[in-house]
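**Q** Here the protein sequences come in this chain order: A and B.
Start counting the first sequence at 1; every next residue gets the next number (the numbering used here).
Start counting the second sequence at 1; every next residue gets the next number (the numbering used here).
It is possible that some hints are incorrect.
Here are the simulated distance ranges between beta carbons [said to hold, decoys possible]:
1. A:140 x B:302: 28 to 36 Å
2. B:37 x A:13: 54 to 62 Å
3. A:14 x B:246: 31 to 39 Å
4. A:186 x B:171: 27 to 35 Å
5. A:13 x B:310: 48 to 56 Å
6. A:133 x B:267: 53 to 61 Å
Far from chain B, some chain A residues (derived; all Cβ distances over 10 Å) [stated by the list, open to error]:
7. 8
8. 20
9. 69
10. 95
11. 116
12. 129
13. 221
14. 223
Short derived list, chain B residues pointing at chain A, Cβ under 10 Å [claimed, not checked]:
15. 31
16. 34
17. 153
18. 168
If you are wondering where the hints come from, they were derived from the structure by calculation, not from laboratory data.
For glycine and all other residues, C-beta sits at the position ideal for the given N, C-alpha and C.
This is what each chain is made of:
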Amino acid sequence: MPVIEVQDGAVAISGRPVLRGIDLCVGRGEFVALMGANGSGKSTLVRALTGLRPLSRGAITLFGTPLEDFHEWHRIGFVPQRSGAASGVPASVREVVSSGRLTRRRLLRPLGATDRRAIDDAIELVGLGDRARDGVSTLSGGQQQRVLIARALAADPELFFLDEPTAGVDLPNQKVLTDALASLKERGATIVLVAHELGPLAALVERAVVMRDGRVAYDGEPIPDHAVHEPWLGEAHGHHHHARHESAHEHDHAPHVRSPLEGRP
Amino acid sequence: MTPVELFSEPFMQRALLAALFTGLAAPVIGTYLVQRRLALMGDGLGHVAVTGVAVGLLTGYSPTWTAVVVAILGAIAIEVVRERGNTNGDVALALLFYGGLAGGVLLTGLGGRRAAELQQYLFGSITTISDGDVVVTMVLAALVIVVGVGLSPQLFAVAQDPEFARVAGLRVRFYNLIVAVLAAVTVTVAMRTVGLLLVSALMVVPVATSQQLTRSFRATLVAAMALGTLASVGGLVISAFASYQATVAPGPTIVLLSLAGFVITWPLGVWLRHRARLRRPFADEAPDEHTVSDHDHDHGPGCGHVAVPHDDHVDYVHDGHRHAPHGTHYDEH
Ligand SMILES: Nc1ncnc2c1ncn2[C@@H]1O[C@H](COP(=O)(O)OP(=O)(O)OP(=O)(O)O)[C@@H](O)[C@H]1O
Ligand SMILES: [Mg+2]
Ligand SMILES: [Zn+2]
Ligand SMILES: [Zn+2]
Ligand SMILES: [Zn+2]
Ligand SMILES: [Zn+2]
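Please construct the entire structure, taking both the sequences and the accompanying hints into account.
**A** In structure tokens form, the structure reads like this:
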């Protein structure tokens, strides 16, 4: 039984198609790198897979359950693409990481001993043990990114979505994250990782999926980072409207007019 | 009337109870609003509640209850606009602001009520609060506190990162609605204490003050509740004593006291943050020696420089570097 299955998935944002004809099947324990140019739809795909963006067509199943009926959210870990973890009120590293544990906590119950241990372990793992009580807004961008990784790790997930988790994270800490993901993988976790530069993570990647203009342009053996932008990639699919693709990269046709009551699709 | 007599008056005791509960409850919901960067939502709801009060005055129902209902409707409207309209949520908020206030004033005029009657809701009239109103205030405030503190892990997560919260299986819309409704309830609770036009101050200023000194959400919440209580009870007491000399309205006194707290803690916060930055150990310890020449004294306890315990020794921060004695020279740590 595949962990993720997408059949003919499409996503439209404000009526504009962003993802089209996505077919994807990820088995248990796989480590998939999702790659592609800016705006090619990687984050949108991850958001569709986590239920944040509704499909305009097709179907997604997670662990064999249609996404609409999926409720075992403690099995999912999610690191959103983000520039920081700060908000309007101070929040300590520990508090932010603790919110990752909510999927496994019941309403109105205090943190149990297992929860505390998981939270401490996750903070320790990303190397922020000595900063646990500090406010997240006093951390650097890369450290905040590590807080978000710890938050996802705290729930001990089986399926992990990471959207550019290593953006702004230094090499030693990328290695630490690589080790953490390696041990998750050993325990049988499935990992979907969005990245422009894999760095040390490349050693773990078993499969690369390259997005181009909202479609899967390549799906197979890992490829080097720079190969992602080669024009030959995706030719095999036989979609020969290249000239249009190139221009779509240059300018964005999304309308930017908004009124206060304008809805999402 | 002596102070003892004053405080044994039933009206004063009712006022103290109302101030205590309002002061505790308002910052709870204020913390979540500030966290969402919706600090002005309390103001918007206050303006909307004016229409609610006017509806009550016009129809003869209790203005407290009509204000609760209209403010909740307004809160839901703001929440819907915020969810669907993305970036222009603040514009919608502003529209609601003006609509609410204008509607209220218009309705009061239509009903032939004098402006003075609306005034006691606009600027508060804690000392004329009735037995029934005190009970309603206490019950609603207790509700806000119990829900706001009890659900704090969930409400915190939802406000901190709504998308993560959704993937964690939390019903984000439901929790947003809870915050909106609680904000509306808080506004009407605080309406009698500080008045609709100043409601937001009691929700937001204690939070602004406490976050000068705190590093965690929980500490901010608890400290804001303490500061809010201090301000509202303290303001009431001050205005009661001052009223021997002149007419001093409790509402504005409470708000000014609260603001005074902010003014006092602000420099303290700046200083604390500065200090915290200095004390932080540098990530990389690349020792970089410097000579004794630019030092006019031996660093030690009380020498005036910030002392930072570091492993087995103490470093001193001066002139932009971290100074650690090492034999006959100094290392940079
Ligand atoms: N909230 C939104 N509203 C309108 N259009 C959007 C929105 N989010 C994404 N898009 C559009 O969807 C397309 C895909 O965006 P997406 O964020 O998935 O790209 P990405 O591959 O993750 O890029 P990056 O490498 O920059 O993260 C883009 O053309 C973008 O303009
Ligand atoms: Mg992206
Ligand atoms: Zn000194
Ligand atoms: Zn020195
Ligand atoms: Zn030395
Ligand atoms: Zn030292």
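**Q** Assuming the hint says 53 to 61 Å, is it satisfied by the Cβ distance from residue 133 (chain A) to residue 267 (chain B) or not?
**A** 24 Å Cβ-Cβ, so the 53 to 61 Å window is violated.
**Q** Taking the closest pair, is the beta carbon of residue 8 (chain A) still more than 10 Å from chain B?
**A** 23 Å, holds
**Q** Quick check for students: does the CB of residue 116 (chain A) sit more than 10 Å from each CB in chain B?
**A** Fine: 13 Å to the nearest Cβ keeps residue 116 (chain A) off the interface.
**Q** Just tell me: holds or violated, for the beta carbon distance of residue 186 (chain A) and residue 171 (chain B) against 27 to 35 Å?
**A** 34 Å, holds
**Q** Interface hint check: residue 168 (chain B), Cβ to nearest Cβ on chain A, cutoff 10 Å. Holds or violated?
**A** 5 Å, holds
**Q** For residue 14 (chain A) and residue 246 (chain B), compare the CB-CB distance with the range 31 to 39 Å and indicate the outcome.
**A** 59 Å, violated
**Q** Check the following: the C-beta atoms of residue 13 (chain A) and residue 310 (chain B) are separated by a distance inside 48 to 56 Å.
**A** 52 Å, holds
**Q** Compute the least Cβ-Cβ separation between residue 129 (chain A) and chain B, then decide whether it is above 10 Å.
**A** Non-interface label stands for residue 129 (chain A): nearest chain B Cβ at 13 Å, farther than 10 Å.
**Q** I want to verify a distance hint. Is the separation of the beta carbons of residue 140 (chain A) and residue 302 (chain B) within 28 to 36 Å?
**A** 33 Å, holds
**Q** Interface hint check: residue 153 (chain B), Cβ to nearest Cβ on chain A, cutoff 10 Å. Holds or violated?
**A** 6 Å, holds
**Q** Would you assess whether residue 221 (chain A), listed as outside the interface, keeps its beta-carbon beyond 10 Å of every beta-carbon in chain B?
**A** Holds: least Cβ distance 30 Å, greater than 10 Å.
**Q** Is the claim that residue 95 (chain A) lies outside the interface with chain B correct, judged by CB distances over 10 Å?
**A** Residue 95 (chain A) is in fact no farther than 10 Å from some Cβ atom of chain B, at 5 Å.
Of the numbered hints listed earlier, those contradicted by the structure are 2, 3, 6 and 10.
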